[in-house]
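Chains as they are written, first to last, in this note's numbering: chain U, 1 to 416; chain P, 1001 to 1201; chain Y, 2001 to 2994; chain B, 3001 to 3088.
For the record, the hints were derived by calculation from the structure and aren't laboratory data. Cβ coordinates follow ideal geometry from the N, Cα and C atoms, glycine included. Any given hint could turn out to be false.
EDC-like mimics (lysine to aspartate or glutamate), calculated; alpha carbons at most 20 Å apart, straight line [to be verified]:
no.	chain 1	residue 1	chain 2	residue 2
1	Y	K2128	U	E106
2	Y	K2885	B	E3077
3	Y	K2281	B	E3055
4	Y	K2885	B	D3014
5	Y	K2281	B	D3014
Sample of chain Y residues lacking proximity to chain P, with all beta carbon distances greater than 12 Å (derived) [claimed, not checked]:
no.	residue
6	E2212
7	E2249
8	L2530
9	P2633
10	G2669
11	D2892
Spelled out from the first residue to the last, the chains are:
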Amino acid sequence: MQFYSLPNLIRRGLRGHRDWTPAWRKAEPKPSYDVVIVGAGGHGLATAYYLAKLHGVTNVAVLERGWLGGGNIGRNTAIVRSNYLWDASAHIYEFSLKLWEGLSQELNYNVMFSQRGLLNIGHSEQEMRDLARRVGANQLNGIDAELVSTAEISKLVPVLNTSPDTRYPVLGGTLQRRGGVARHDAVAWGYARAADALGVDIVENCEVTGIRTANGRVTSLETTRGGIRAGAVGLVVAGNASVLASMAGIRLPIQSHPLQALVTEPLKPVFDPVVMSSAVHVYIHQTDRGELVLGAGIDAPVSYDLNGNFRIIEHVLAAVCELFPIFSRVRMLRQWAGTVDVCPDASPIISGTPVKGLFMNCGWGTGGFKATPGSGWVFAHTLAHQEPHPLNEPFSLDRFTTGALIDEHGAAAVAH
Amino acid sequence: MSRPTPRRSPLGAIESAQPRPQTAQLSERPFLTHINLRADPADAEALAAIQQVLGLQLPLTPNTTAANQELLAAWLGPDEWLLLSQHHRSDSLVTNLQAALTGHVASVVDISAGQTVIRLSGPSALDILARGCALDLHPSVFPPGACAQTLLARAQALLIAVDDTPTFDIIVRRSFAPYVAAWLQDSARPFGLHFPTSDPA
Amino acid sequence: MSQPFRLTQGGRIERDAPLQFTFDGRPIHAFRGDTVASALLANGVTLVGRSFKYHRPRGMVSAGAEDPNAFVQLGHGPRTLPNRLATVTAAASGLEVRHVNAWPSLDFDLMSAFGLAAPFIPAGFYYKTLMWPRRLWPLYEHFLRHAAGLGHAPNAPDPDRYDQVHAHCDVLVVGAGAAGLAAARAAEQSGARVIVADEQAEFGGGLLSTTERVDGLPAPQWADAATSELSSAPEVTALPNTTAFGLYESNLVLLAERLHTDQPDNAGSESGARVWRVLPKQIVLATGAHERPLLFANNDRPGVMLAGAISTYLNRYAVAPGSRAVLFTNNDAAYLTALDLADAGVPVAAIADVRSDPEGDLPAQARTRGIPIHAGAVVVQAHGRGRVAAAELCALDGAPLGTVECDLLGVSGGFAPALHLHAQAGAPMTWNPQIAAFAPRPSHDIHPAGAVTGQLDLASALRQGTSAGAAAAAAAGCSNGHTPAAPRAAETHTSDLEPYWLPPGDLARAKPQFVDLHEDVTLDDLRLSLREGFQSIEHVKRYTTLGMGPDQGKLANPLATGVIAQLLGRDPASVGTPRHRPAYSPVSLGAIAGRHIGPLADPVRVTPMQEWHQSAGARFENVGQWRRAWYYPHPGESMHEAVARECLAVRHRVGILDYSTLGKIEVTGPDAGEFLDRVYTNAWKRLRPGRCRYGLMLGEDGMIFDDGVTARLDAQRYLMFTSTSNAAPVLAWLEQWLQTEWTDLRVYLTSVSEHWSNIALAGPRSRDVLAAAGTDIPLAQKDFPFMTFREGHVAGVPARAFRISFSGELSYEINVPADRALHVWEALFDAGRPFGITPYGTETMHVLRAEKGFIIVGQETDGSVTPDDVGLGRLLSRRKDFLGKRSLSRPDSVRPDRKQLVGLLTDDPARVLPEGGHVVDTPGRRRPLPMRGHVTSSYFSPVLGRSIALAMVAGGRAALGERLYVATLHDDRWLPARSCHPVFYDPEGARQHV
Amino acid sequence: MLLIPCPWCGPREDDEFTFGGEADIPRPADPAALTDEQWADYLFMRDNRRGHHREQWCHTAGCRRWFIVERDTVTNEILGASIYGDSP
């Protein structure tokens, strides 16, 4: 693997950058692998990387239907935080956040993880109660979180309208200073490059069309590039989990919904932290390019459509103009949608399945991006040992049978 | 116990709106009788009994109204109608209908105090409504006599096309009336109109 | 009047309407009809901005919305408009135009130092460095952030208002050039309701800048005639200054209309823009095409311009963008420009044509005009620093052909259809080798016409437009038999374009050659991207930021497709183009938000007693859309004091509460009782008329969904109360079961929430007050016992009185028609004065019910709480099934260590626990620290003279009296408390039965 | 923005409606007789199909009727709508 560094950049720069090599090989699929991961998104690539790095499992293929990183890792609003309510969620997201803090160095790829702080604002008495409850839980779980007053909020984000005369005045909020954003594409590329360097085969333009099983165990995958035998299979296909699972005859408690985001024209820096409001369904931050990135709540109907629903954009922008009246004259540049797989309790499934050797990592809803490193870490463990890591034990598929749900709707009321 | 008590409409303030026939005028039609009527359209006997009381046939075609001098019936659903009347007292109308419908599966509920009628009339009425209503209200599509339950801005409303002035009756729930009135007022600005009306808050 | 580059005649500017604006402070003279760009050029200003990354000097490239360079800041203060395009902004007197992205000044930009570092900061350089030392990243990032960005956001709230309109039509025509005008006329003549929109201030598009003729008239004259014909047609809405920026499913088309007030500092402007939400039956897409730039070294120098733009400036604005021109082309279009230049007296020093033998009418005319044509030649480099000074030509085999002096270098690499709208909706497009670009494929409701189809000549544009307009009208169901005739224009013989992407051989190595001028993406950046394996067009886009600027890569993307194809040795069709996303041109957030801001942001719902509460000095809280009286402070009273006073008034005398926001549903029909049995956990069929009962509703997951009292009005009618915020959800949920699952049940549901206002009288003297106010309802305990209701009159108004209590006191909830509720409220209040009646708000209501251990859905419950968890297991019928029952026997629902509702009493009675505070067995600094549960409600109870709290504690009910600690949110301070039964006051419930 | 074809009121914009999820999931006649797995399947498990999808909608801001829409979940193309009882 070519080492990325300023000296190397300068040395190669002097030679016109002609001797950089591909970040990852364009691998041809082999007939058989110890582990096949379906989906070259952030979670899939991270899983492959940690399989090779931590468990010495290098005979691994990552199959991708289209182009690497073209799913939700390439469509999300790049927010990273760990201030979740329930213990199980708090632990896995905080574990993930700790990994984020060293990720650029770990991968030798600058994922531009920027801990600019993350602000949740509250607009009603009940919301403030819920925020306090969440902050309390975070603090006892060792997660940095603090309640902030309206005055403190207007100090942190002077351009936010904290006047009591608005329709839903800002009554206060919570702040996670270690939260922030990262360069989403770079996360996929960084993991891909690092996994490839450890011998993982990343196979793009290879769509899985069938899952073969024999006496209750997965044996191989049918793909558009031929059959591939697999010791274990991990499905990590956000936006397609139900479809892939059904190939193995498995029904999931998942519904897929469009989630929309948009970006404005670039401006000189206006504010630093990420600002989120569940009540008015909006979250916003300013990228290093100067664009404002805005996200909305999820669209109600089940849909895999990626064109987006303008009505939701109208609602989000009305909310933004209420919260940030000075952005009213700033212009929307580009708007897009992704598909999120949502579980009834708004928590993921990282679990074995009724089919031996077949494992699922799905249902992240709107929480997927921020969990990428931790999700990969625990799923690699699950695949390597064929049993869950303590961190993902609560996120099993059978919790929907026992009723042991992890209801994060409070924390996920707004899509992020 | 029957001394008259003062009644308050949600929009007392715009009853006095100055008529501007040349553009549009906004006014409230307060204190009408509003009855929600539920009955099985397949129960011919019940429909006949109702016709007996109302003196008109309930409209069975979706999004249409039927009216006579005293009363208007608007289709709300396959088994649901709104009866609007200036002439009938709500309590007597409820009693008569309930009496006529004994033995039938039906429901007659007085909701007069729960909603009000806002009337928008004049050449620019259509353009004003188009600010907040997604329906195509062009006369070729929504002629007088047509009605539709829909959204006006962010409030549910029942629209009734009254005549080709055009005039529209907008029926909204009581607590939404100030918001809807304020919205209509704001939507009228591009036409240089200002309706005196109470503040939405 | 110093406009050195203004032609003495021609153009569509109004020479008798001179005006003046400023650019970076210096005066610019212009005429009405100018754009800022044309005026700047007329005044000899060619440097308008600095590029995004390297801060290289940049000038106008085009005369339209596709320009990658001409971004400027308009005005200042709250009305400033960042990143507006000079090429589409109408020149207006007093307008204040400033450059963006240069410091300290445009001519002397220190940040152009980035240009020197260019070799070391190629595409994606930041992924490869700035990682060490880790703690310095925030510093690096701060620097990156401040280097990036373009214009400045306004510094104060937007004073403008934005209009928004829903519109419907049979045929929407997007673009009012030759094809669009023809289509709109044809559709109108077929009797269709038509909306036609064009982004420019005047209809006509290319017609306004060509010297050709239509139906015998000069093109601009014909355009004017067609326009006025359309504007006068009754069923046509003609919208100039209007950009179609989005096409969504269901053919929802979004138009942004720039009103005359879309100028900064335009005092008193009502509205800056109007957004049209159009739902057309059919769409005619006449969006034209964008001319494609060409690659050569320094192809970004000011003075390098699209050939078509030069013609536009000459013919439409009477501006000569230069004094000596060289043209570089691979198709015929540039020859038209050459002739325009010659006509305007601007010498054309050379035309370099990629094609070995450019035949066709236009090249022939150029030859006869004696314009030197170099066939099989290309421009490989532009010389000059602040502005192009010469063009270096060479043959396709690389042989030098010398350098030609010029201050204007017109380029034409062919035309790429502006199919953005079409593609946004995911509609199909195909690679058209004729024009070496993607073109839209017609669909059943989208009809492309004109240049967007790849047919570039005027005659076919008019033909296509006419047939598309007629076809669209017919498809929309409007045809009056009338078949409109197409306007005629001269047929010109054109020769094919020859695709040209890369300079020959090593000349392609000369640098820098810009593919995306806005993003400073060079040919070398594309090479690097492909070399590193980023070869899918989306990878190239994301790695190099190709096409990610405010110009949306309108010029860059079509060029990049060909360049990448050649670099990879692949077919351009297989390379594709980055996904087109709305908006085609940026639209302000405020315009999209429309009226949904300020007082109209969301409905404010109030009860009939609102004015009374206000005049009584109430403070209000938002509960969903409702605004409810929170508490009624006396002058100088704190919230705590006011609430304490209100609580004691209820406990000792009598209080009055506006409870009108509760949901109320009449449940009518023979099967009403059976229906309630299925949706409530307890039994209803045998409830006697006149009696009330408390009910719990569960989701099918067994978790508490809503609660409330329901009364049986008569044999077949019940009145159900729901919580305020669940009024609508409960009704929808009940209807869903009735209509989709239990269609056999004969039940009707009618919401009466707003017809009946609800006034609660609570306290030992409430009976006296009700009597004093005058009622025909017998009030004696035996006539009107607890949990019953009576119909009658109160204060002369028909009323339903319910003897139910949310405070634990003797209490009446009195429902009266909303239009007389204020009267009844006032009557009760007056009658209550002798008894010391006190109005109380939601806060006091919460304290009183907490003293009684009554839950509030959404406060004690959070979607994970079963009836047994809150101690209401007794309400679970064993004899019948009900919604959610099965879930209550799942393993997790019967865990002994589930969180259960308990009371908490602090050791320090004065200390009120924090709501949301977490409960632990043993405090400590260890993290994570195991939590037993959390405080759901916590108040100071005036009647008990101490703090009380309700909490959900794991296994709490079995261990009442245990020692627990509650965390405060500050450092490591803990509050010791003991758990207790959750009913703190009058546990045997004697007070409500009196 | 979807245009939902209400069988009674005709096509209306989607904000007049409430989405009710997958259709054809009848409530078990005797929940008590089900295993936890069977109950979970009724309660939570969904086909979540890519492509042809039968789903419930309620015209909340209109006639308040629940009905069934058939829609392609990839293209969002509406394939049909039917009234309860009329549908297979």
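Next on the checklist: Need the status of pair Y:K2281, B:D3014: alpha-carbon distance at most 20 Å?
Outcome noted: holds, 18 Å
Next on the checklist: Holds or violated: Y:K2281 and B:E3055, Cα atoms, limit 20 Å.
Outcome noted: violated, 26 Å
Next on the checklist: According to the definition I'm using, a residue is off the interface if its beta carbon is farther than 12 Å from all beta carbons of the partner; does Y:L2530 meet that for chain P?
Outcome noted: holds, 47 Å
Checklist entry - Is the straight-line distance between the alpha-carbon of Y:K2128 and that of U:E106 20 Å or less? => result holds, 13 Å
Item to check | Interface-negative label, Y:E2249 against chain P, beta-carbon threshold 12 Å | outcome: holds, 15 Å
Checklist entry - Hey, Y:K2885 versus B:D3014, does the alpha-carbon distance stay inside 20 Å? => result violated, 33 Å
Checklist entry - Is the hinted pair Y:K2885 and B:E3077 satisfied, with a Cα-Cα distance of at most 20 Å? => result Violated, because 38 Å separates the two Cα atoms, which is more than 20 Å.
Next on the checklist: Does Y:P2633 clear chain P by more than 12 Å, comparing its Cβ with all Cβ atoms of that chain?
Outcome noted: holds, 20 Å
Next on the checklist: The output says Y:E2212 does not contact chain P. Does that hold with a beta carbon cutoff of 12 Å?
Outcome noted: The assertion about Y:E2212 holds, with a minimum of 38 Å to chain P.
Checklist entry - Is the nearest Cβ of chain P still more than 12 Å from the Cβ of Y:D2892? => result holds, 39 Å
Checklist entry - Going by Cβ atoms, does Y:G2669 stay more than 12 Å from chain P at every point? => result violated, 6 Å
Checked against the numbered hints listed earlier, the structure breaks hints 2, 3, 4, 10; every other hint is satisfied.
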